[in-house]
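2 protein chains.
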Amino acid sequence: MKYAVVTFYPDNKKVVVPVGTDILTAAIKSNIFLSSSCGGKGICGRCKVKILSGEFSFEPTGKISEEEKNKNIYLACRTFVKGNIVVEILPSVRLPEKKFIEPFEKGEKTELGEIPLEKFHPISPLTHKYFLRISPPTLNDNMSDLERIYRDLEKLNLNSPIITLQDLRKLPELLRESNWEITVTVGKINGKNEIILIEPGDTSKNNYGIAVDIGTTTITASLINLNNGESLRTEVSFNRQITYGEDIITRIIYAEKPDGLEQLHHIVVEVINQLIQSIVLNSSINLNDVTCIVCSGNTTMMHLLFKVNPSFLRKEPYTPSANFFPDIKASEVGIKINPSGILSSVGGISSYVGGDITAGVLISEIYKKEKLQILIDIGTNGEIVLGNKEWLVCCSASAGPAFEGSGVKDGMRAVPGAIQSFEIKSDVKIKTIDEKLPLGICGSGYIEIISELFKNGIIDRSGKFIVSKKFNRIRESSECKEFVICFQKETGYEKDIVITQIDIENLLRAKAAIFAGLSTLIKKSGVDWNEIEKIYIGGGFGNYLNIKKAISIGLLPDLPVKKFKFMGNTSLLGTKMFLLSKQAREDSNKIVKKMTYLELSLEPEYMEEYLSALFIPHTNLNLFPSVKKI
Amino acid sequence: MKYAVVTFYPDNKKVVVPVGTDILTAAIKSNIFLSSSCGGKGICGRCKVKILSGEFSFEPTGKISEEEKNKNIYLACRTFVKGNIVVEILPSVRLPEKKFIEPFEKGEKTELGEIPLEKFHPISPLTHKYFLRISPPTLNDNMSDLERIYRDLEKLNLNSPIITLQDLRKLPELLRESNWEITVTVGKINGKNEIILIEPGDTSKNNYGIAVDIGTTTITASLINLNNGESLRTEVSFNRQITYGEDIITRIIYAEKPDGLEQLHHIVVEVINQLIQSIVLNSSINLNDVTCIVCSGNTTMMHLLFKVNPSFLRKEPYTPSANFFPDIKASEVGIKINPSGILSSVGGISSYVGGDITAGVLISEIYKKEKLQILIDIGTNGEIVLGNKEWLVCCSASAGPAFEGSGVKDGMRAVPGAIQSFEIKSDVKIKTIDEKLPLGICGSGYIEIISELFKNGIIDRSGKFIVSKKFNRIRESSECKEFVICFQKETGYEKDIVITQIDIENLLRAKAAIFAGLSTLIKKSGVDWNEIEKIYIGGGFGNYLNIKKAISIGLLPDLPVKKFKFMGNTSLLGTKMFLLSKQAREDSNKIVKKMTYLELSLEPEYMEEYLSALFIPHTNLNLFPSVKKI
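Chains E and V, in that order, give the protein sequences. Every letter in the first sequence is one number past the one before it in numbering that gives the first Met the number 0, and letter 490, counting from 1, is 489. Every letter in the second sequence is one number past the one before it in numbering that gives the first Met the number 0, and letter 471, counting from 1, is 470.
One thing to keep in mind: the hints can contain errors.
The list treats identical chains as one, so a pair stands whether inside a single copy or across any two.
[Claimed, not checked] 25 Å max Cα-Cα, derived DSS-like pairs, lysine-lysine:
| hint | residue 1 | residue 2 |
| --- | --- | --- |
| 1 | Lys-408 | Lys-435 |
| 2 | Lys-533 | Lys-370 |
| 3 | Lys-256 | Lys-169 |
| 4 | Lys-154 | Lys-593 |
| 5 | Lys-81 | Lys-68 |
| 6 | Lys-12 | Lys-49 |
| 7 | Lys-187 | Lys-328 |
| 8 | Lys-68 | Lys-169 |
| 9 | Lys-191 | Lys-154 |
| 10 | Lys-187 | Lys-368 |
| 11 | Lys-589 | Lys-154 |
| 12 | Lys-589 | Lys-13 |
| 13 | Lys-13 | Lys-435 |
| 14 | Lys-81 | Lys-367 |
| 15 | Lys-169 | Lys-328 |
| 16 | Lys-191 | Lys-581 |
| 17 | Lys-191 | Lys-589 |
| 18 | Lys-463 | Lys-408 |
| 19 | Lys-592 | Lys-154 |
| 20 | Lys-463 | Lys-564 |
| 21 | Lys-480 | Lys-469 |
| 22 | Lys-370 | Lys-28 |
| 23 | Lys-561 | Lys-118 |
| 24 | Lys-328 | Lys-191 |
| 25 | Lys-314 | Lys-169 |
| 26 | Lys-488 | Lys-435 |
Simulated from the structure, these hints should not be mistaken for laboratory data. Quick caveat: nothing in here was measured; it's all calculated off a predicted structure.
All chains should be built: construct the whole structure from the sequences, respecting the hints.
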């Protein structure tokens, strides 16, 4: 096999790859992540790079304009290394990591809502540290080292937790060297108490857990003090798997390639590790004091996390390998917390409704209520749950990541600097998260922008820019019409921030998918809209979501605003509860058992509903009386 | 570091060792096992080798006679390699492996007694194979792969056993490739059901377990058909740790050396693996169909098996690291059965009363009886249990391995060819196990020999050969007086089979230790001999033990013969029950909880009892009225 060196500018990163490798793969190998929504199939036309010098071949593609050809721009996924080569990564193509990995000093208050800690006092975390002063053996009391520990734990109502052979081997010296004062960390693993860790001295004050929401587009992690339930720090990062495709189907297909599953698994673990590392470093705690991690995510993400073949998720009849993954040592999948720390996960429901939704049901408590409730979790997929304490039914609508700021030109996560509010009065008026200089637009910003553009007659009901409308912010780019939300001069950012015609189409498709799922679920359940007492909304929309404007574009049903509650990242919040409360862990299993899954692709009316919902707010305006009035 | 080659004759085995290494260590490295009861400390004087050529140094020792010096005979443990060297292993020094690793085609009937299979029908083995015909998923029934298995197992009253991540990862392909027909092996690990193994097709007919008794001197293993409880084959081997010392204290001291624990651990695992390999090969079954192994042994042996530091067992206040070891994958300690197969062990009681005794109590059922019962397990240690369904008390007497055929000149295990019966009429009359040509003497043989020598006035009450007595079989060797049991011409064996004065002393010490333990236990418990309803005897004595003769030498108390029951290897039998019966596994825990341990070294009267018991039958003849009569 012949090899060649690929050098990436401006990073000046070099990587050696076999001749014949495509540039996208070489970039990934160098830890440079490019935007690519098709997973390297040459379809999306996003992974454009500039070849500065070197030998290469390429497959012709319609995605490169003449102008680009003249500038030596090629699709990375369709360009193949023949000899040493130098490649420039275009700024617009690079995944804007810097922009997406932002910490929340007080994450709880900016995006993530709060968990009702008061509801489960005393907290019963997944792992618990017990400081034991063991009475040393005497001739009259010479039971074994292990039984001495058990005797003391029994007084705390812990009945002989399992010890690993590794810990047992360390026990005799550890007990004697620590003068019989030790801290034992006990956790429930697969329903059975286990000794996770035995440390000399008293470390019981330092016990932390990590809650992780693994989204298709973003991964969010929170550090929790397991002694008092406090959320110490939350950070969010891109799910860099996105390089292999924006939606889960593309990723599943990638996982079917040789080594594909291994690669996707490795990436998610790496992102989680980077998040943990950053959180731990910034919180001045010791990584060894993190004794457990709980993950929730959609079923595909969980398969990839556990490196279990996700292939059958996408093939009829759409079966997961598992909805519940076994509790394991986190190190078994390469997650770096305490080497003996455990990885648990929130159980899921079906191939397209995962543990993130179980967590959402947990935090919204719809499974405890008399009257009917709805939970809508708007992520790359839009999952919807309808029910009460008697029954629960759910579905999943393939929305795409537009509301998460991906697949839209200037989209970004709901982090400081994201435009989250937009109004047109004499001129446009924007608000950013934390009032930082604007960097891009997050989900709630897009909702308000579309609502305002429609209200002001700048776009029509199908989302098209109205040609006759003159506005100094409407202009034509090389690709399509666009509306300038914010000029470069007004921002610290490198360029104008815009919403394009293509963005609007993407956003309308996303909102249509979600609304169509919602109304299909309502109809199939024989429920009337008025029976709904409460609608909980989850998703990374920033501090808040303007419910009225979300209704006005037809994303949410036209019900009284007071019936809606925006809860932020319900998956993460529910995962924290799972981490902190035995009751929540037990309830999560009950929720899964109770839930019925509705496969939308088998429901003919879903497609009809979808097509009707592609308009603003809907083809059937009677469904939106309050919008009609405007 | 300089290295040298040591060549061992007659094996012609070569090994490279650092200069300065002793010959004993070099021999062990070459898998040549020499007799050495002191563990290489130059004390026992047994590991004699002949140096044929080469450079070496040695420490002078009183253990080598002038005659031996002239023949270039040295102690292997006190002789150190300086350069390449050629060493001859003397036949008398080599551990007679061949003689000790003998199979029992129908082990049950020759030595090992029978387990009361009828008592626990239907059997409930530690691991169970279930053949499942899983209904393939459809759009209307698309629960996950794992839940499909759980659904079918639930019908068999098995509630969601834990699956390992490794098995889960194989699941999707395995199910589909096997056409949804699989065999699931489920076992209880640390009190929780776990999926051990998932295989394609129906393998449920082939499920086997191994029961192992790890004695200080010998290791016995049985292959059991877990579907019907049948014992298929039993083999016995020397515990080659014996090279590091005959008694457990010497081994513990060896384990405290750098690498010592690792070495002893490695040896016991290796012996067990060789036994399993031989049994499996001879039984024409597949090693992969062996899904579990259960071991029992004294507490030191269990520490060495699990590689847990045994050091504190021998130091006041004599505490084990654990009496219960966790259930693990057998592969975790290197035991070779199915790579996913489990290793379980019978829980022990204290530093000197291990799971082998728990197993003995289990099979003798003394813990279920109204009236008082005794269990005596005669091995390298003599453990004694006294009690009934109300209470149990136990002790351990350091007998030494004489009754196991070790530390006595022509001793051997109770395997075919061992002299097990002996009578003096006009001349001596011997019987061997399976009526094979005599190879040596086993425990029951020694008991009869001493009894007969005493009865015929050849030895006195202190075991000394009576000088005045003329008998053509008494002669003087270079070391001491000896009595020829069997002349070479009468046997196929390489030499005369004898009992020496030293042998007799060893045997009397062994019987004295056991009897003293027994009477101390009786006295401390405030029990009268007549209250004892039954005495169960365990140990490797051959097909049978002549109770009368054992009483006549003062090994057993002078009670009616019908009160005694010889049960063979009670540790192995109890271990088989543990393997086959859920009830037995539960009972074994109850036994451990109920048992009180009496430390003989803390009882001043034990030493008095011991000194009195060194005579035949005892200094107090009133204790042995039936012997007095003779």
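Which numbered hints are broken by the structure, listed smallest first?
Checked against the structure, the hints that fail are numbers 8, 10, 12, 13, 14, 20, 22, while the rest are satisfied.
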